[in-house]
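Chemist: Protein chains in written order, with the UniProt record's numbering: chain A, 1 to 250; chain B, 1 to 388; chain C, 1 to 294; chain D, 1 to 417.
Worth flagging that the hints you see were computed from the coordinates, not collected in a lab. Keep in mind it's a predicted model, so treat the numbers as computed, not measured. The reader is advised that the hints may include incorrect statements.
As the list claims (entries may be wrong) - Some chain C residues well away from chain D (every beta-carbon gap over 10 angstroms; in silico):
{"no.": "1", "residue": "Ser63"}
{"no.": "2", "residue": "Trp84"}
{"no.": "3", "residue": "Pro94"}
{"no.": "4", "residue": "Arg169"}
{"no.": "5", "residue": "Thr188"}
{"no.": "6", "residue": "Ala269"}
{"no.": "7", "residue": "Val270"}
{"no.": "8", "residue": "Ala273"}
As the list claims (entries may be wrong) - Cut-off 20 angstroms, straight-line C-alpha distance, at most; resulting in silico cross-link-like pairs (SDA-like, lysine to any residue):
{"no.": "9", "chain 1": "D", "residue 1": "Lys232", "chain 2": "C", "residue 2": "Ser8"}
{"no.": "10", "chain 1": "B", "residue 1": "Lys158", "chain 2": "C", "residue 2": "Pro282"}
{"no.": "11", "chain 1": "D", "residue 1": "Lys232", "chain 2": "C", "residue 2": "Val265"}
{"no.": "12", "chain 1": "D", "residue 1": "Lys232", "chain 2": "C", "residue 2": "Gly137"}
{"no.": "13", "chain 1": "D", "residue 1": "Lys408", "chain 2": "B", "residue 2": "Asp109"}
{"no.": "14", "chain 1": "B", "residue 1": "Lys158", "chain 2": "C", "residue 2": "Val265"}
{"no.": "15", "chain 1": "D", "residue 1": "Lys342", "chain 2": "D", "residue 2": "Thr299"}
{"no.": "16", "chain 1": "B", "residue 1": "Lys158", "chain 2": "C", "residue 2": "Tyr286"}
{"no.": "17", "chain 1": "D", "residue 1": "Lys232", "chain 2": "C", "residue 2": "Ala136"}
{"no.": "18", "chain 1": "D", "residue 1": "Lys234", "chain 2": "C", "residue 2": "Trp280"}
{"no.": "19", "chain 1": "D", "residue 1": "Lys234", "chain 2": "C", "residue 2": "Gly131"}
{"no.": "20", "chain 1": "D", "residue 1": "Lys232", "chain 2": "C", "residue 2": "Leu5"}
{"no.": "21", "chain 1": "D", "residue 1": "Lys117", "chain 2": "B", "residue 2": "Pro204"}
{"no.": "22", "chain 1": "D", "residue 1": "Lys318", "chain 2": "C", "residue 2": "Val121"}
{"no.": "23", "chain 1": "B", "residue 1": "Lys158", "chain 2": "C", "residue 2": "Gln279"}
{"no.": "24", "chain 1": "D", "residue 1": "Lys30", "chain 2": "B", "residue 2": "Glu105"}
{"no.": "25", "chain 1": "D", "residue 1": "Lys265", "chain 2": "C", "residue 2": "Gly131"}
{"no.": "26", "chain 1": "B", "residue 1": "Lys158", "chain 2": "C", "residue 2": "Ala276"}
{"no.": "27", "chain 1": "D", "residue 1": "Lys280", "chain 2": "C", "residue 2": "Thr130"}
Unchecked claim - Derived coverage of chain D by chain C (criterion: at least 3 residues anywhere in the stretch with Cβ under 8 angstroms from a Cβ of chain C; other residues may be distant):
{"no.": "28", "region": "216-224"}
{"no.": "29", "region": "249-261"}
By construction, the Cβ of each residue, glycine as well, lies at the ideal position given by its N, Cα and C atoms.
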Amino acid sequence: MSGAALTVRNLRVTFDGFTAVDGVDLDIAPGDLRFLIGPNGAGKTTLVDAVTGLVRATGSVRFGDEELLGRPVHRIARLGIGRTFQTATVFEQLTVEQNLDIAAGAGRGAWTMLRRRRAVPERVERALETTGLADLRDRPAGVLAHGQKQWLEIGMLLVQDVRLLLLDEPVAGMSHEEREATGELLRRVGEDHTVVVIEHDMDFMRAFARSVTVLHAGKVLSEGSVAEVRADAEVQEVYLGRASVVAGEG
Amino acid sequence: MTTTAPPGPASATTRPRASTPRRLRAPAAFLLGAVLLLGAAPLALPDSRLNLLAKYLCYAIVAVGVSLAWGRGGLLVLGQGVFFGLGGYAMAMHLKLADAATAGERLPDFMLLYGSSDTLPWWWQPFADPAFALAMTVLLPMTVAGLLGFLVFRRRVKGAYFAILSQALAAALSIWLVGQQATTGGTNGLTGIQGFFGYDLADPVNQRMVYFVIAVALLLLMAAARQLFVSRYGELLVAVRDSEERVRFLGYDPANVKLVAYVVAAGMAGLAGALFVPAVGIISPALIGIVPSIGFVIGAAVGGRASLVGAVLGAVAVAWAQSTLSDAFPAAWTYLQGLLFVLVVGFLPGGLASLGALRRTRRRAPASVRAAAPTTSAVATASTKETA
Amino acid sequence: MTVVLNQSFTGVGIGAVLLLVALGLTLTFGQMGVINMAHGEFIMAGAYTAYVLQRSVDGTGLSLLLALPPAFLVAGTIGALLEWLLVRRLYARPLDTLLVTWGVSLMLQQLARDVFGAPNVQTRAPDLLTGNVSVAGVTLAANRLAILGLALLSVLALTLVLRLTPLGRRIRAVVQNRDLAEVSGIATERVDRTTFFIGSGLAGVAGVALTLVGPIGPTMGTNYIVDAFLVVVVGGIGQLKGSVITAFALGVLQSVLEYSTTVSVAKVAVLVAIVAFLQWRPQGLYTLRTRSLA
Amino acid sequence: MSGLSISRRGLLTGLSVLGASAAIGACGAKTGSDRTSTAGAKADTSGDTVRVGLLNSLSGTMAISEVTVHNALLLAVKEINADGGVLGKKLDPVSQDGASDWPTFAEKAEALITGDKVAATFGCWTSASRKAVKPVFERHRSLLFYPVQYEGLEQSPYIFYTGATTNQQIVPALDYLRKKGLTRLYLVGSDYVFPRTANKIIRAYAKGNGMRVLGEDYAPLGSTEFSTIVNKVKESGADAVFNTLNGDSNVAFFKEYKSSGLSAKALPVLSVSIAEEEVKSIGAPYLEGQLTAWNYYQTTPGAANTAFVEAYQAAYGKDKPTSDPMEAAYLSVHLWKAMVEKAGSFDVAKVKAAADGITFDAPEGTTTVDGATQHVHKTARIGRIGADGLITEVWSSGGPIKPDPYLKGYDWASGLS
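Modelling step: build the complete structure from the supplied sequences, incorporating the hints.
Modeler: What follows is the structure, encoded as structure tokens:
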């Protein structure tokens with residue numbers, strides 16, 4: 001377990017005058033399984049975008065000793081930060097195995113790249129087992145079920161050897177069984193990774209979160225254990241009547 | 001991060017082997033192609049037809065690169081004429097200098113007529129050296145492509161912009177070449193090339209030699225392109241086409257991935273241009289502008305952009321149809337060309353190659369579809385997701 | 001001094017032509033993202049409309065003015081037809097659209113050749129527009145002034161339509177968020193077709209204007225198409241004011257360079273300038289910044 | 001898998017070695033040897049008919065001009081056949097489309113010579129297409145008749161040039177301007193070989209004859225944007241513009257010219273590529289009073305021309321004008337016929353030998369072949385465009401000028417080649 005913490009200080013993201021993330025401070029300790037919740041437009045996804053270099057932001061985001069802001073996306077990824085998207089983005093034309101193989105290979109040399117894949121790297125094999133996709137390894141990812149795509153994405157993060165996983169609504173649109181399976185997967189992954197999950201589904205959060213941060217209008221509203229957050233009066237007000245919000249929107 | 005998978009069954013699982021007939025398909029097809037190109041065609045065709053085929057095979061070499069960059073990488077390379085032209089001019093400059101030397105002249109013939117100076121321009125001088133000129137036929141296009149690609153891909157200029165910029169570049173280069181008549185031959189281009197590294201091109205035997213060189217080059221480049229297609233890089237390239245952003249989050253720089261495909265395709269176009277010169281005896285700005293540049297893409301599109309063999313056959317077939325049908329029915333051919341393009345690109349993006357592949361996949365429906373061996377059913381849907 | 005002024009006006013004149021040919025593209029390419037290579041042939045259709053009208057109605061120059069609405073309609077209708085037959089099936093594949101419409105442009109050129117013959121034809125401009133106006137020693141060609149006026153009028157009209165009319169609001173809604181527009185009851189398909197109709201129609205208007213400076217021929221559109229796209233690319237997708245500024249800037253740049261060097265050097269230099277500019281601002285002069293993936 | 005790939009690689013190497021050895025093993029003649037010795041394509045003149053090749057662009061950008069030449073060639077063939085053919089054999093014209101593409105011209109020339117085994121070929125328009133086919137005709141020792149005024153500086157043993165060379169068009173035009181006292185020139189041309197070479201000659205002429213060239217500008221082929229060039233012309237203080245613009249660019253140029261307030265009175269333009277057709281399409285009001293230089297006009301007097309114009313219009317339409325290149329094309333077929341009949345054979349060497357001194361009463365007047373240069377003696381004519389769109393002769397060289405493609409007879413041209 002590598003022990004880099006994610007430290008966000010005074011993070012601010014603006015689009016044409018609209019401030020999507022407004023001075024957020026956030027500390028995520030190594031090994032945490034943190035849920036980011038908040039109503040639509042709270043800035044959850046933008047926060048993740050900023051951390052992963054997709055949008056420009058001011059303030060500071062440190063991962064261990066490394067400042068992330070200002071680095072290009074692929075450099076941040078190489079530091080060991082991986083993410084998924086609200087709508088699963090896997091390479092639909094490639095097989096499950098190829099998807100994982102690509103994820104495992106960012107550091108490969110030119111010679112390896114120019115040769116055909118012959119053996120399956122051990123990490124890929126392990127990820128296939130972890131995500132339960134071993135039987136589907138030769139299927140094009142495009143034909144996978146929605147849930148399977150999400151698992152494949154998580155599997156890709158695992159073989160990528162990331163230390164911090166940022167998952168954007170991993171269970172949105174999933175059936176109950178798939179949710180359970182995803183939750184178990186998260187738990188397994190969380191044993192030796194730091195995980196941040198953006199989620200709307202309160203039941204899911206209650207079942208699997210170790211800690212929770214509530215965002216509202218670009219600011220941190222509340223932070224703590226599941227129980228603490230649920231007891232927070234402000235949070236209740238924001239979520240009034242929305243105790244278990246329908247998932248699937250951003 | 002590890003760079004290679006640890007070998008051996010202890011730590012890695014060997015991937016399930018494909019059945020023997022499938023494994024042999026590519027080498028068998030290659031052998032068949034070689035027999036046709038190197039054996040059957042030279043025996044069956046008269047000199048003039050073989051010479052035409054040599055010209056078409058040059059277009060096919062461009063199509064190999066187009067198939068890589070566009071079919072696999074989703075980069076619509078609408079400026080291949082530029083690279084074809086750079087390669088062609090590099091070769092023609094050397095051959096003109098060699099011709100002049102044979103004739104005992106100080107300057108190539110057109111410079112004597114149109115030029116204003118008695119001395120060879122400095123940028124012509126190194127081309128007197130055959131090794132330099134040969135290297136330049138490939139390196140010059142690759143350098144230009146590398147520079148442009150670096151600028152464009154790094155700034156994440158969108159696919160549409162890239163296509164338009166490529167076209168503008170093609171137009172600009174041809175205008176520039178036309179404007180430099182004294183040193184480039186202007187609209188005439190470099191013509192009347194007589195020798196090819198000491199061999200007289202007027203001799204039909206030597207023309208056959210040129211054909212063999214071109215055919216072998218095509219076969220070798222197809223083999224090399226196929227190796228790229230099935231390599232890890234080939235998979236990564238498809239991944240970049242499918243979702244550039246996702247690849248970036250995996251720690252790759254997609255700009256570099258695209259750049260490699262673009263530069264390799266440019267090198268192939270350059271080589272094709274270089275080989276075109278001895279086969280046809282001319283290189284001119286008319287082969288470089290917007291229309292010929294689109295022409296290079298047409299063949300690949302019609303045959304099947306993502307299928308190597310499809311693209312090559314498409315390029316040859318379209319070139320053949322162009323020269324055969326445009327004679328008899330100039331107007332009808334233009335309609336047909338336009339219509340073919342509309343129908344194939346619009347409604348059969350995998351090209352004609354996907355017709356066969358569709359049937360094949362239907363036959364063995366449950367079998368796994370491996371994108372590494374390009375069954376084009378995947379491609380038909382692939383092209384719906386271009387990197388924009 | 002007069003040289004500078006003369007040349008500036010020349011640049012503005014070139015810019016006006018560029019703006020007019022690119023204006024339709026700011027809708028079809030800028031707003032809808034369609035790379036329509038047949039746009040040049042819509043220009044040609046507009047020009048031939050003026051030619052036919054002049055031959056059948058009267059021989060005087062006045063008919064050029066009268067030709068504007070029919071040219072708009074003819075080019076617009078061809079455009080809407082193209083959208084309905086092909087483009088709408090390809091919205092998800094912008095690059096394939098480029099190639100398909102290129103095939104269409106080939107066929108339209110041949111059609112023009114078959115109908116009107118390969119040799120170029122002319123329209124007769126009204127006498128008023130063949131002369132010039134002198135202001136403080138600067139000669140302003142009347143035809144350029146007319147084109148400039150037409151270009152500015154077209155920009156104004158387009159702006160008004162987009163800003164003030166319900167149609168304009170719908171167009172902007174669809175561009176900004178197609179899904180949302182759809183669920184809020186906008187018939188997005190019809191809006192697409194209408195947008196394409198207007199964009200193509202503007203090409204027809206440009207065609208009429210171009211008969212004032214050059215010949216009408218089957219391939220006249222190909223002279224303008226790449227330049228027109230460059231204007232929109234540099235101006236910034238979906239940004240009318242970006243295209244306006246770019247058109248005039250490129251026009252002046254071209255004319256200044258042409259004056260001090262040669263036409264071919266100027267063309268190459270302008271292209272290099274554009275590539276350099278896109279390094280600095282890859283999204284063009286003006287952009288809508290949104291949260292969507294780059 | 002790896003074993004297989006090695007075997008494939010082996011296979012590949014084997015094949016390339018095979019291909020390379022096949023190529024090298026079959027090496028033919030080295031450069032520097034007699035270039036025509038290997039070619040064996042002979043014209044087939046054994047039957048009742050003899051094939052002749054017509055090589056013009058029937059499609060593409062040049063089709064506009066070249067189709068008219070093609071028509072004139074067909075007209076000449078038809079007349080000759082109606083008159084009993086050549087040496088008792090009817091001519092069978094084989095048309096090939098050069099498609100405005102230079103490599104295609106070379107390809108089609110090859111097809112005509114080796115495939116159709118034609119006795120002679122007529123056609124090509126642009127310098128580029130002629131340069132592209134030149135090695136083909138030389139290699140196969142077959143004849144090409146090239147009917148367009150061109151930039152000179154060329155003399156292929158297998159090409160007959162029936163259009164004007166520079167000393168039959170450009171030089172007389174300059175003489176005319178000089179005589180009129182118009183000595184400060186501005187040169188405007190399309191960017192291709194003819195204008196650039198013509199302007200090079202004009203500069204040499206100017207230097208040697210006390211004239212001045214104040215500016216030189218080229219527009220890309222097909223360009224319609226002339227405002228800057230016209231501005232430059234206007235500010236240059238020139239006495240006359242020497243215009244080598246190609247076909248359609250003239251339309252835009254003259255519209256711009258008029259818009260900027262210039263006219264034939266203030267600053268005359270002498271054009272060498274504007275014929276009757278172009279006048280019709282540009283519109284006489286834009287051109288009234290401007291000058292042209294050619295060897296032939298539709299209005300050129302003479303029975304031969306009256307017959308030609310009538311025959312052409314009967315075949316292709318009442319309103320179709322005839323032009324200089326068409327006349328030169330028409331003339332070329334008749335000249336070839338006369339050469340063959342004098343030689344008594346279709347054999348290329350004999351035809352060439354018979355060429356010198358062959359004459360034909362062409363629409364432009366009597367023309368004579370110069371055997372040494374394989375060009376034709378032609379009369380130079382300066383014309384003025386009238387308000388009615390017709391071009392009337394205002395000056396002529398009085399008689400045919402001996403062709404001098406390399407301008408060897410002119411001192412001022414000594415530095416040119």
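Chemist: All the hints need checking, so say for each whether the structure fits it.
Modeler: Here is how each hint holds up against the structure:
no. : hint                : verdict
1   : Ser63               : 15 angstroms, holds
2   : Trp84               : 30 angstroms, holds
3   : Pro94               : 28 angstroms, holds
4   : Arg169              : 38 angstroms, holds
5   : Thr188              : 38 angstroms, holds
6   : Ala269              : 14 angstroms, holds
7   : Val270              : 12 angstroms, holds
8   : Ala273              : 17 angstroms, holds
9   : D:Lys232 / C:Ser8   : 13 angstroms, holds
10  : B:Lys158 / C:Pro282 : 8 angstroms, holds
11  : D:Lys232 / C:Val265 : 16 angstroms, holds
12  : D:Lys232 / C:Gly137 : 15 angstroms, holds
13  : D:Lys408 / B:Asp109 : 18 angstroms, holds
14  : B:Lys158 / C:Val265 : 27 angstroms, violated
15  : D:Lys342 / D:Thr299 : 32 angstroms, violated
16  : B:Lys158 / C:Tyr286 : 15 angstroms, holds
17  : D:Lys232 / C:Ala136 : 19 angstroms, holds
18  : D:Lys234 / C:Trp280 : 38 angstroms, violated
19  : D:Lys234 / C:Gly131 : 15 angstroms, holds
20  : D:Lys232 / C:Leu5   : 13 angstroms, holds
21  : D:Lys117 / B:Pro204 : 17 angstroms, holds
22  : D:Lys318 / C:Val121 : 18 angstroms, holds
23  : B:Lys158 / C:Gln279 : 12 angstroms, holds
24  : D:Lys30 / B:Glu105  : 18 angstroms, holds
25  : D:Lys265 / C:Gly131 : 16 angstroms, holds
26  : B:Lys158 / C:Ala276 : 15 angstroms, holds
27  : D:Lys280 / C:Thr130 : 18 angstroms, holds
28  : 216-224             : holds (count 7)
29  : 249-261             : holds (count 8)
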